[in-house]
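**Q** Sequence:
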Amino acid sequence: MGHTLTPELLVDFGQAFATYVGRGTVLVSRDTRNSGKMVGPCVVSGLMGGGCQVVDLGICPTAALQLAVKQGPAVGGIAITAGHNDASWNALKFVRDDGIFLNPRQNEELLDIYHQGEYVKAQWDELHPIAADPDAAERHLAAIVAQVDVEKVREAHLKVAVDCINGACSQDSPRLLERLGCEVVAINIEPRQPFPHPPEPSQANLSQLRAIVQAVDADIGFAHDADGDRLGFVASGGEIFSEQMTICLCEEMILRRGDAGPVVTNLSTTQAVDDIAARYGRETHRTGIGQAYITESALNYQAAIAGEGSGGIVFPRLNYAHDSMAAMAHILDLLAGLDEPLVDFIAHNIPHYVMRQGQEHCPTERAYSVLEAIRTQQLPAWADSRDLQDGIKIIGEGRWVQVRVSQTEPLIRVMAEARDVATARELVREYLSRARQLM
Numbered sequence: 025m026g027h028t029l030t031p032e033l034l035v036d037f038g039q040a041f042a043t044y045v046g047r048g049t050v051l052v053s054r055d056t057r058n059s060g061k062m063v064g065p066c067v068v069s070g071l072m073g074g075g076c077q078v079v080d081l082g083i084c085p086t087a088a089l090q091l092a093v094k095q096g097p098a099v100g101g102i103a104i105t106a107g108h109n110d111a112s113w114n115a116l117k118f119v120r121d122d123g124i125f126l127n128p129r130q131n132e133e134l135l136d137i138y139h140q141g142e143y144v145k146a147q148w149d150e151l152h153p154i155a156a157d158p159d160a161a162e163r164h165l166a167a168i169v170a171q172v173d174v175e176k177v178r179e180a181h182l183k184v185a186v187d188c189i190n191g192a193c194s195q196d197s198p199r200l201l202e203r204l205g206c207e208v209v210a211i212n213i214e215p216r217q218p219f220p221h222p223p224e225p226s227q228a229n230l231s232q233l234r235a236i237v238q239a240v241d242a243d244i245g246f247a248h249d250a251d252g253d254r255l256g257f258v259a260s261g262g263e264i265f266s267e268q269m270t271i272c273l274c275e276e277m278i279l280r281r282g283d284a285g286p287v288v289t290n291l292s293t294t295q296a297v298d299d300i301a302a303r304y305g306r307e308t309h310r311t312g313i314g315q316a317y318i319t320e321s322a323l324n325y326q327a328a329i330a331g332e333g334s335g336g337i338v339f340p341r342l343n344y345a346h347d348s349m350a351a352m353a354h355i356l357d358l359l360a361g362l363d364e365p366l367v368d369f370i371a372h373n374i375p376h377y378v379m380r381q382g383q384e385h386c387p388t389e390r391a392y393s394v395l396e397a398i399r400t401q402q403l404p405a406w407a408d409s410r411d412l413q414d415g416i417k418i419i420g421e422g423r424w425v426q427v428r429v430s431q432t433e434p435l436i437r438v439m440a441e442a443r444d445v446a447t448a449r450e451l452v453r454e455y456l457s458r459a460r461q462l463m
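The numbering of the sequence shown is the working numbering, which starts it at 25 and goes up by one.
Incorrect hints may have been included.
[Claimed, not checked] Beta-carbon label-pair distances, calculated as ranges:
# : residue 1 : residue 2 : range
1 : Ala302    : Arg449    : 45 to 51 Å
2 : Pro65     : Pro218    : 17 to 23 Å
3 : Leu33     : Tyr304    : 43 to 49 Å
Bear in mind the hints are in silico, worked out from the structure with no lab data behind them.
Cβ atoms here follow ideal geometry from the backbone N, Cα and C, with glycine treated the same way.
Modelling step: build the complete structure from the supplied sequences, incorporating the hints.
**A** Structural data, given as structure tokens:
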């Protein structure tokens, strides 16, 4: 941020998106990172210069923007956020008129317009004043509440801690919990303050939330990322679970409720998702890594639920967006109906796997040759299939390993999952070793 994401670039991408959508109304939102104060006006200027009517939603969860685009007459939207990345980063997320992020092909079309630099330009009398929509976040809250059994949650009298990391959910997440009848203990709810810790809701970043859960004897604690995309949680007593568990609990809730359709997830998400789906007689469809692949496949397959092991969950009955507040509400709906502590429920109902990962530096010009060489190797004796949608994933009973090229760094990444730590570690070690030998 500051060296590559410049005002000139931002204005150009605003103009490019205006050209791509053909003018019309475009909604804009941002998270709370300080750079958004510079990024927002630049993007808006580009959109206005392209003849768009800009509606500024201000600070709000990206899912609220996506829902507002879907429900209204907008031709698209732009969320200004770097999601789970730290405050030194910022980015633009482009939303099409149905409230879904542009898919890879559509992103390429937008990039072509940007590179050509031939933008639609509005005349002086075609410039529209910026409008506001202060009710978008409220409509989002109401839509989430309509998806869950509010009375059941209220009757459970749950005490809930939530860490909003001073992000886009800082005002809305506590309000949602109060509407669900929870006793709320909220921390880091000051949007004007910096992130108190890295915004990714991973196990490593939940120590503050864990301390609060233990101190107030909460039934559960939740952690959002900066734009309300991902959700992590801490169980009563302070046990921290991997983000992989977020999709497992949401899937369990949706399938036991009886929502129709298969399950969609990506290639790097735990095998437990497939096992839970099979228990309910549902298919699981796997996609490449990234929300665009998840949402597009969820729409195409008419999924009951979709999501990733990162804690980003899609509830198609609500919207085709990763929505951490909706995930929080559905987990509370599940928790309110249990007759045992959440930790025991997980032990008895969620299949146990161990995931490990590693990486090896590799020049980008060599990395794909290395992957191709691994692809031509014979499958190991334990494997029965492989998937080539995103790198190479080798799959066997109770284990898998995936080798892929990083999209942002000169790295080859290896991820493996098995029923025990030793097997997962050995798979990572073996395929990192194979990659090194082929460089």
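**Q** Does the Cβ-Cβ separation between Ala302 and Arg449 fall within 45 to 51 Å?
**A** violated (27 Å)
**Q** May I ask you to test the hint 43 to 49 Å on the CB atoms belonging to Leu33 and Tyr304?
**A** Taking Cβ atoms as reference, Leu33 and Tyr304 lie about 47 Å apart, which means the hint holds.
**Q** Per the hint of 17 to 23 Å, is the separation of the Cβ atoms of Pro65 and Pro218 within bounds?
**A** holds (21 Å)
In the structure shown, a violation is registered for the earlier hint numbered 1 alone.
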